[in-house]
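Asks: Residue numbers (this note's numbering), protein chains in the order written: chain F, 1 to 303; chain Z, 1 to 303; chain S, 1 to 303.
Read the hints as simulated data drawn from the structure, not as lab findings. No experiment lies behind these values; they were computed from the predicted model shown. Cβ atoms here follow ideal geometry from the backbone N, Cα and C, with glycine treated the same way. Worth double-checking, as some hints may not be accurate.
[As the list claims (entries may be wrong)] As a list, the in silico DSS-like pairs of lysine-lysine whose alpha-carbon atoms are at most 30 Å apart:
{"#": "1", "chain 1": "F", "residue 1": "K23", "chain 2": "F", "residue 2": "K103"}
{"#": "2", "chain 1": "Z", "residue 1": "K122", "chain 2": "S", "residue 2": "K184"}
{"#": "3", "chain 1": "Z", "residue 1": "K301", "chain 2": "S", "residue 2": "K176"}
{"#": "4", "chain 1": "F", "residue 1": "K301", "chain 2": "Z", "residue 2": "K181"}
{"#": "5", "chain 1": "Z", "residue 1": "K154", "chain 2": "S", "residue 2": "K86"}
{"#": "6", "chain 1": "S", "residue 1": "K176", "chain 2": "F", "residue 2": "K184"}
[What the hints assert, rightly or not] In silico contact screen, one side only, chain S against chain F (beta carbon under 8 Å); selected entries:
{"#": "7", "residue": "G32"}
{"#": "8", "residue": "A93"}
{"#": "9", "residue": "N146"}
{"#": "10", "residue": "G200"}
{"#": "11", "residue": "S201"}
{"#": "12", "residue": "N222"}
{"#": "13", "residue": "G278"}
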Amino acid sequence: MIRLEEIIKFIQDQVIQIQGPYKGIEIEGIAGLRNSDSRYIDWIHQNTKQPQEKAENSISKVIIANPGVNYSEKMKLNGKVLIQVKNPYLIIAKIGNEFFVRKEKPIIHPTAIIDQGAKIGKDVYIGAYSVIDACVIGDNSIIQENVIIRDCVKIGNNVLIKSGAIIGNPGFGFVKDEDGKLFKFPQIGEVIIENYVEIGSNTCIDRGAFSDTIIGSGSKINNLCHIAHNVGIGNQVIITALVNVSGSTIIGSNVWIGPNSTLKGHQIIGDNVLIGAGAVVLGDIPSNEVWVGNPARFLRKNE
Amino acid sequence: MIRLEEIIKFIQDQVIQIQGPYKGIEIEGIAGLRNSDSRYIDWIHQNTKQPQEKAENSISKVIIANPGVNYSEKMKLNGKVLIQVKNPYLIIAKIGNEFFVRKEKPIIHPTAIIDQGAKIGKDVYIGAYSVIDACVIGDNSIIQENVIIRDCVKIGNNVLIKSGAIIGNPGFGFVKDEDGKLFKFPQIGEVIIENYVEIGSNTCIDRGAFSDTIIGSGSKINNLCHIAHNVGIGNQVIITALVNVSGSTIIGSNVWIGPNSTLKGHQIIGDNVLIGAGAVVLGDIPSNEVWVGNPARFLRKNE
Amino acid sequence: MIRLEEIIKFIQDQVIQIQGPYKGIEIEGIAGLRNSDSRYIDWIHQNTKQPQEKAENSISKVIIANPGVNYSEKMKLNGKVLIQVKNPYLIIAKIGNEFFVRKEKPIIHPTAIIDQGAKIGKDVYIGAYSVIDACVIGDNSIIQENVIIRDCVKIGNNVLIKSGAIIGNPGFGFVKDEDGKLFKFPQIGEVIIENYVEIGSNTCIDRGAFSDTIIGSGSKINNLCHIAHNVGIGNQVIITALVNVSGSTIIGSNVWIGPNSTLKGHQIIGDNVLIGAGAVVLGDIPSNEVWVGNPARFLRKNE
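Can you make the complete structure from the sequences, with help from the hints?
Replies: And the structure:
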């Protein structure tokens with residue numbers, strides 16, 4: 001249980017107005033689709049339709065909403081508390097992370113196998129049964145359990161790598177030899193993962209062939225993705241689950257890539273691009289466009 | 001080698017008729033596409049075309065078929081045994097599981113790391129190098145090797161979780177902060193896995209954001225699937241390999257979802273729905289319908 | 001640093017002509033998209049457009065190209081070395097593997113759990129935290145970290161199985177019982193992996209139901225693929241990332257399957273077939289054809 005006054009203190013710079021009797025209230029958690037209770041703090045997303053109606057119908061004692069929601073007579077009668085902020089979605093995220101998400105202590109589990117040549121920063125968490133070759137890991141990064149990180153990998157600060165991820169394995173490249181047999185193309189590049197990146201569970205990021213594979217600052221990759229050799233990804237890119245990015249494709253910044261989509265190799269994707277779920281991208285995409293379908297086609301400008 | 005008389009005893013309630021000299025026969029295994037031998041028991045699926053011809057041509061000594069297959073003169077001359085049952089497909093499955101599938105003994109491998117707070121039921125198998133946080137696991141459940149289960153997970157009885165599965169990691173949700181940077185949305189819900197569920201190898205099931213992620217009783221999920229935060233799946237649902245179900249989507253019961261298909265978030269899928277391989281589902285689907293394609297479209301009623 | 005003369009000695013049978021002062025040069029590495037330096041050996045792919053221009057503009061001291069590239073006055077003035085070979089792509093691959101790829105020593109990590117009944121060949125590498133049941137593994141094979149191999153698996157020589165792969169788990173098959181409940185179909189076949197096969201990270205290959213799952217000699221499967229029960233794959237097949245091959249489908253030799261594509265069960269794919277990225281293959285494909293799309297359609301002959 002968290003005291004509401006403590007929460008209000010934490011968000012006080014963002015609070016526009018508080019209405020109703022908020023003193024002495026204790027908060028059990030945050031209201032969701034299928035759990036709620038008067039002791040859960042509720043919140044009305046700024047883009048919700050009929051926000052006033054939703055706020056009125058909430059069974060929570062405390063509601064966070066933007067100034068478009070009024071403190072009605074009904075709320076007053078029921079002793080509700082309405083906290084008005086500009087961006088309820090961001091504020092509830094901040095409250096959740098501060099008060100309700102458990103922080104992992106930065107420990108290195110004794111079963112993690114860490115090469116003597118590895119350079120591990122301050123306050124790093126490394127989970128059980130992870131195998132860390134002679135790579136570089138920056139400060140405050142979290143490597144969960146059963147992760148493999150090869151010695152060709154350089155990881156920045158505040159990076160999260162989830163369980164089962166495999167970073168820096170040799171890429172998938174073959175050349176036919178004189179007899180028509182598949183001969184392995186050498187894979188000796190690096191993987192560079194910049195600050196504030198998140199890599200999903202069981203996602204695989206291969207090392208470059210001769211160049212590097214790069215994941216730019218603040219980019220987030222979901223579970224079960226394949227990022228091939230020599231791929232370059234910009235900053236603040238969101239790659240959802242089960243996405244394939246084939247070799248040597250370059251992706252700009254602020255791009256969103258839908259689940260189960262696939263990007264052909266050696267293409268260039270601009271900045272601020274949206275790629276739809278299940279899209280099969282076979283060519284370059286200029287900046288500020290939305291592409292969808294199989295094969296992927298221009299749908300509209302992304303403005 | 002298993003005595004045929006023992007097998008017949010096991011299925012005797014379902015046997016309509018046995019023809020031919022079955023005493024003293026020993027069975028080596030069950031006939032398949034690419035292995036066969038007179039000592040392998042063969043079976044004719046009730047939906048097979050030309051079942052009589054297939055039964056006549058089988059090199060097996062013992063054949064299970066439905067009553068549409070007759071004990072012919074040729075079978076008699078060759079000393080074959082024909083066992084007639086209503087549903088040969090189900091009967092051979094039962095025989096296979098009873099006599100030819102090795103049962104894992106319910107042991108907990110010494111290298112499994114199990115939190116002191118975990119509540120583990122009776123006769124549970126936990127494989128090597130699995131990491132079990134303070135979760136709940138019901139009776140007779142099997143957790144294979146290299147599995148990760150977080151403390152927000154509640155698993156029922158007779159559940160099978162295959163190797164490399166990762167259950168209960170925080171979901172993939174972000175909100176832009178004041179500077180346009182991606183800020184992690186808190187993920188503090190649970191994962192509820194009901195009785196008789198199967199979770200495939202390397203499949204990832206994320207915990208809910210504020211609500212729970214739920215996999216209903218008897219549902220089966222194949223390898224390499226991503227089930228996002230807050231997803232609700234009904235009973236007896238089959239999800240094949242490499243499927244993505246995005247956040248907060250609700251799926252009814254008796255649904256079949258084809259491989260490599262993807263379901264957008266916040267949709268509602270009814271009961272008794274079929275979703276084709278590679279389908280990209282961008283909206284709700286009513287009960288009793290078949291949808292296919294990219295984007296997925298109504299194909300026909302599912303009757 | 002590698003002496004160029006040593007490299008030339010290694011490829012001397014393939015060298016057509018060497019021009020320029022090559023004695024005494026030392027090589028740091030191989031030039032790539034985003035790394036280069038005069039000490040990196042550069043190479044011009046035989047299919048490159050404007051090869052002469054690319055060779056002229058290379059900042060490397062040493063360039064490998066086919067005889068279509070001439071040793072120009074400019075190269076001469078700059079003291080460049082031009083090595084002419086028929087197939088620069090193959091030659092650079094051979095040089096890279098010989099001089100710049102680190103070879104794993106064939107050790108078995110003490111944390112690998114290996115069943116007493118396993119038959120392990122000569123010079124096999126088995127990585128940390130892998131679980132090897134009573135299977136067969138041929139000579140010179142590499143099993144990376146966190147791999148699971150069941151006792152129904154037979155692996156040939158010179159096979160590479162990357163981290164997180166799960167080979168031989170029971171397949172995904174169910175039959176409805178008398179009450180309409182999903183009843184597990186027995187999965188008691190084997191997995192046969194022939195010589196020179198590569199299996200990607202986190203890829204899952206299920207054992208057959210009654211027959212075997214077979215991966216033919218020299219075939220390469222990338223990361224995060226699902227190969228279902230009873231699938232048969234020919235020789236020298238390339239399966240890229242995130243591909244699903246459903247149960248009992250048979251694939252010929254010299255086939256290429258694009259990423260995120262899916263093949264329905266019980267189909268037959270001929271030899272020398274190309275299947276496009278994201279293709280949804282719902283039927284048989286004859287030899288020497290290219291198929292693409294959802295659903296996949298004939299595009300052209302593959303000649």
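Asks: For each hint, tell me whether it holds in the structure or not.
Replies: Cross-check of the supplied hints:
no.: 1; hint: F:K23 / F:K103; in the structure: holds (28 Å)
no.: 2; hint: Z:K122 / S:K184; in the structure: holds (22 Å)
no.: 3; hint: Z:K301 / S:K176; in the structure: holds (21 Å)
no.: 4; hint: F:K301 / Z:K181; in the structure: holds (22 Å)
no.: 5; hint: Z:K154 / S:K86; in the structure: violated (62 Å)
no.: 6; hint: S:K176 / F:K184; in the structure: violated (45 Å)
no.: 7; hint: G32; in the structure: holds (3 Å)
no.: 8; hint: A93; in the structure: holds (5 Å)
no.: 9; hint: N146; in the structure: holds (6 Å)
no.: 10; hint: G200; in the structure: holds (7 Å)
no.: 11; hint: S201; in the structure: holds (4 Å)
no.: 12; hint: N222; in the structure: holds (4 Å)
no.: 13; hint: G278; in the structure: holds (3 Å)
Figure legend: structure checked against the earlier numbered hints; hints not met, in rising order: 5, 6.
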